[in-house]
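S.K.: These protein sequence lines are chains A and B, in that order.
Each residue of the first sequence is one higher than the one before, starting from 8 at the first, in the numbering used here.
Each residue of the second sequence is one higher than the one before, starting from 8 at the first, in the numbering used here.
Check the hints yourself; a few may be wrong.
Because identical chains share one entry, a pair is satisfied inside a single copy or across any pair of copies.
[As the list claims (entries may be wrong)] Here are the simulated DMTMM-like cross-link-like pairs (lysine to aspartate or glutamate), alpha carbons at most 20 Å apart as the crow flies:
1) Lys126 to Asp205
2) Lys59 to Glu73
3) Lys59 to Asp130
4) Lys59 to Asp205
5) Lys59 to Glu221
6) Lys177 to Glu221
7) Lys208 to Asp259
8) Lys208 to Glu73
9) Lys9 to Glu100
10) Lys59 to Asp259
11) Lys126 to Asp107
12) Lys177 to Asp210
13) Lys59 to Asp45
14) Lys177 to Asp24
15) Lys59 to Glu104
16) Lys59 to Asp260
17) Lys177 to Asp130
18) Lys126 to Glu197
19) Lys9 to Glu65
20) Lys9 to Glu197
21) Lys126 to Asp49
22) Lys208 to Glu197
Hints are computed from structural coordinates only; laboratory data are not their basis.
Number of protein chains: 2
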Amino acid sequence: MKTPNEVWTACRTGAWDRPTAGLAPGYAQANLVILPRDDAFDFLRLAQRNPKPMPVLEVLEMGESEPRLTAPGADLRTDLPRYRVYRNGELVEERTEIIDLWRGDLVAFLIGCSFTFEKALLDAGLPVRHIQCGCNVPMYRTNRPCVPAGRFSGPTVVSMRPIPAHLVPKAVTVTARFPAVHGAPIHIGEPEALGIADINKPDWGDAVPINPGEVPVFWACGVTPQAVAIQSRPPFMITHAPGHMFITSLLDDQVANG
Amino acid sequence: MKTPNEVWTACRTGAWDRPTAGLAPGYAQANLVILPRDDAFDFLRLAQRNPKPMPVLEVLEMGESEPRLTAPGADLRTDLPRYRVYRNGELVEERTEIIDLWRGDLVAFLIGCSFTFEKALLDAGLPVRHIQCGCNVPMYRTNRPCVPAGRFSGPTVVSMRPIPAHLVPKAVTVTARFPAVHGAPIHIGEPEALGIADINKPDWGDAVPINPGEVPVFWACGVTPQAVAIQSRPPFMITHAPGHMFITSLLDDQVANG
Numbered sequence: 008m009k010t011p012n013e014v015w016t017a018c019r020t021g022a023w024d025r026p027t028a029g030l031a032p033g034y035a036q037a038n039l040v041i042l043p044r045d046d047a048f049d050f051l052r053l054a055q056r057n058p059k060p061m062p063v064l065e066v067l068e069m070g071e072s073e074p075r076l077t078a079p080g081a082d083l084r085t086d087l088p089r090y091r092v093y094r095n096g097e098l099v100e101e102r103t104e105i106i107d108l109w110r111g112d113l114v115a116f117l118i119g120c121s122f123t124f125e126k127a128l129l130d131a132g133l134p135v136r137h138i139q140c141g142c143n144v145p146m147y148r149t150n151r152p153c154v155p156a157g158r159f160s161g162p163t164v165v166s167m168r169p170i171p172a173h174l175v176p177k178a179v180t181v182t183a184r185f186p187a188v189h190g191a192p193i194h195i196g197e198p199e200a201l202g203i204a205d206i207n208k209p210d211w212g213d214a215v216p217i218n219p220g221e222v223p224v225f226w227a228c229g230v231t232p233q234a235v236a237i238q239s240r241p242p243f244m245i246t247h248a249p250g251h252m253f254i255t256s257l258l259d260d261q262v263a264n265g
Numbered sequence: 008m009k010t011p012n013e014v015w016t017a018c019r020t021g022a023w024d025r026p027t028a029g030l031a032p033g034y035a036q037a038n039l040v041i042l043p044r045d046d047a048f049d050f051l052r053l054a055q056r057n058p059k060p061m062p063v064l065e066v067l068e069m070g071e072s073e074p075r076l077t078a079p080g081a082d083l084r085t086d087l088p089r090y091r092v093y094r095n096g097e098l099v100e101e102r103t104e105i106i107d108l109w110r111g112d113l114v115a116f117l118i119g120c121s122f123t124f125e126k127a128l129l130d131a132g133l134p135v136r137h138i139q140c141g142c143n144v145p146m147y148r149t150n151r152p153c154v155p156a157g158r159f160s161g162p163t164v165v166s167m168r169p170i171p172a173h174l175v176p177k178a179v180t181v182t183a184r185f186p187a188v189h190g191a192p193i194h195i196g197e198p199e200a201l202g203i204a205d206i207n208k209p210d211w212g213d214a215v216p217i218n219p220g221e222v223p224v225f226w227a228c229g230v231t232p233q234a235v236a237i238q239s240r241p242p243f244m245i246t247h248a249p250g251h252m253f254i255t256s257l258l259d260d261q262v263a264n265g
């Protein structure tokens with residue numbers, strides 16, 4: 008699938024319910040968070056204080072499901088492959104649409120996703136292992152707390168890509184151009200220092216092989232709000248399923264610096 | 008005055024009530040917006056949609072007046088030189104403290120100010136005319152509307168600095184490093200195309216001379232929320248007086264890219 012519209016349609020009709028890395032290359036991908044109005048302001052403050060894991064691409068008006076600024080014509084209730092529903096911090100359901108859960112007091116947030124800069128990594132000659140393997144990116148809960156806001160607190164989540172040691176500087180400079188989709192890595196090597204006990208057992212997504220001469224490179228991840236939800240227990244929250252992102256109409260270059 | 012704390016104290020004791028350009032060089036300066044909780048979420052969405060005029064440095068918890076993240080120890084009710092009070096979109100009062108106006112439901116926003124990058128401009132050999140003249144920076148209402156959010160809509164406001172034509176590219180690259188304090192200019196030359204009828208009659212601040220061979224360069228300005236307030240008429244809003252900014256404890260480099 009080459010365009011955002013093709014992916015939206017495939018999700019809406021049930022033809023695609025798998026991870027989105029590599030789909031519609033050149034278009035920015037986004038994490039989804041949906042909260043009732045009462046919790047939405049606290050959440051937007053949380054994102055403002057933690058722009059590395061939660062760079063906000065769009066906050067929709069209350070009750071609206073069409074992202075008019077970043078993906079006109081799409082519907083956030085149907086156009087992602089998979090959703091997760093949290094009640095009081097517990098994951099109660101995973102499903103492929105949320106039409107019957109929608110309410111007039113809900114506020115939807117689109118948060119930048121690091122899948123966006125993977126085309127730039129590939130163009131620069133860097134490997135993206137989970138695309139090579141055809142699986143989901145590995146994601147880990149870390150020991151780095153977010154700056155809290157209102158009712159919300161919790162750990163930063165990271166995604167990991169193994170990079171050959173001599174290409175790690177290039178991975179930093181290439182991704183630093185994209186602060187709206189997590190930007191430069193937050194940690195390079197030494198998973199233990201991030202509180203990751205076993206790099207082969209990610210908390211979300213799939214394990215990927217790290218070849219000899221490669222270093223694990225960690226980027227802040229938009230699954231952070233889900234880790235925050237588990238810790239902070241808001242009454243009701245809907246998100247995308249990790250790795251199953253929303254494709255926006257923004258070109259990668261529109262979310263890049265300069 | 009060299010440090011933020013010296014400026015806070017001078018404002019609090021009444022020893023300083025004038026514009027802040029050039030004070031505490033090397034520390035980031037900020038615009039202030041204070042709104043009741045009911046309007047604060049709409050305003051934060053407005054800022055998220057319009058990051059050039061309204062780059063958010065900190066959103067305080069409701070009822071708090073100490074910016075714990077960007078200026079611990081300061082008090083936003085007393086530590087700016089001058090405040091403006093708007094009721095239903097009308098400027099009703101200018102004063103040097105807001106202690107008796109403070110309420111438990113107020114939310115304070117600190118928004119980046121272009122005074123922050125003026126040290127970088129000076130260090131790069133660029134003139135900053137209003138500092139040379141010892142007056143306030145000229146600011147203009149433009150014909151460029153902000154992307155609206157909830158109850159808020161209104162025009163973008165710009166600040167203007169005259170730059171010698173051969174140094175204009177340098178002015179762009181130097182300030183582009185500072186997106187959190189308005190970043191690169193939004194318009195160069197041609198004031199009429201921005202809807203500015205007379206460059207010698209700014210809407211806020213003071214007119215400055217434009218010398219032969221100089222081009223007026225326009226940066227998005229944190230007075231935009233005041234123009235928005237005039238148009239959108241929220242019941243109650245407090246801001247800084249244009250040019251009379253809050254000095255944060257953040258070093259310029261902490262709000263710069265890279």
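S.K.: Are the hints correct? Go through all of them and say.
M.R.: Here is how each hint holds up against the structure:
no. : hint             : result
1   : Lys126 to Asp205 : neither (28 Å within a copy, 47 Å between copies)
2   : Lys59 to Glu73   : neither (25 Å within a copy, 24 Å between copies)
3   : Lys59 to Asp130  : neither (23 Å within a copy, 29 Å between copies)
4   : Lys59 to Asp205  : neither (24 Å within a copy, 42 Å between copies)
5   : Lys59 to Glu221  : neither (24 Å within a copy, 39 Å between copies)
6   : Lys177 to Glu221 : within (14 Å within a copy, 39 Å between copies)
7   : Lys208 to Asp259 : neither (31 Å within a copy, 40 Å between copies)
8   : Lys208 to Glu73  : neither (36 Å within a copy, 42 Å between copies)
9   : Lys9 to Glu100   : neither (30 Å within a copy, 57 Å between copies)
10  : Lys59 to Asp259  : both (17 Å within a copy, 19 Å between copies)
11  : Lys126 to Asp107 : neither (35 Å within a copy, 55 Å between copies)
12  : Lys177 to Asp210 : neither (27 Å within a copy, 47 Å between copies)
13  : Lys59 to Asp45   : neither (24 Å within a copy, 28 Å between copies)
14  : Lys177 to Asp24  : neither (33 Å within a copy, 49 Å between copies)
15  : Lys59 to Glu104  : neither (28 Å within a copy, 35 Å between copies)
16  : Lys59 to Asp260  : both (18 Å within a copy, 17 Å between copies)
17  : Lys177 to Asp130 : within (11 Å within a copy, 30 Å between copies)
18  : Lys126 to Glu197 : neither (26 Å within a copy, 38 Å between copies)
19  : Lys9 to Glu65    : neither (23 Å within a copy, 39 Å between copies)
20  : Lys9 to Glu197   : neither (37 Å within a copy, 41 Å between copies)
21  : Lys126 to Asp49  : neither (33 Å within a copy, 35 Å between copies)
22  : Lys208 to Glu197 : within (15 Å within a copy, 59 Å between copies)
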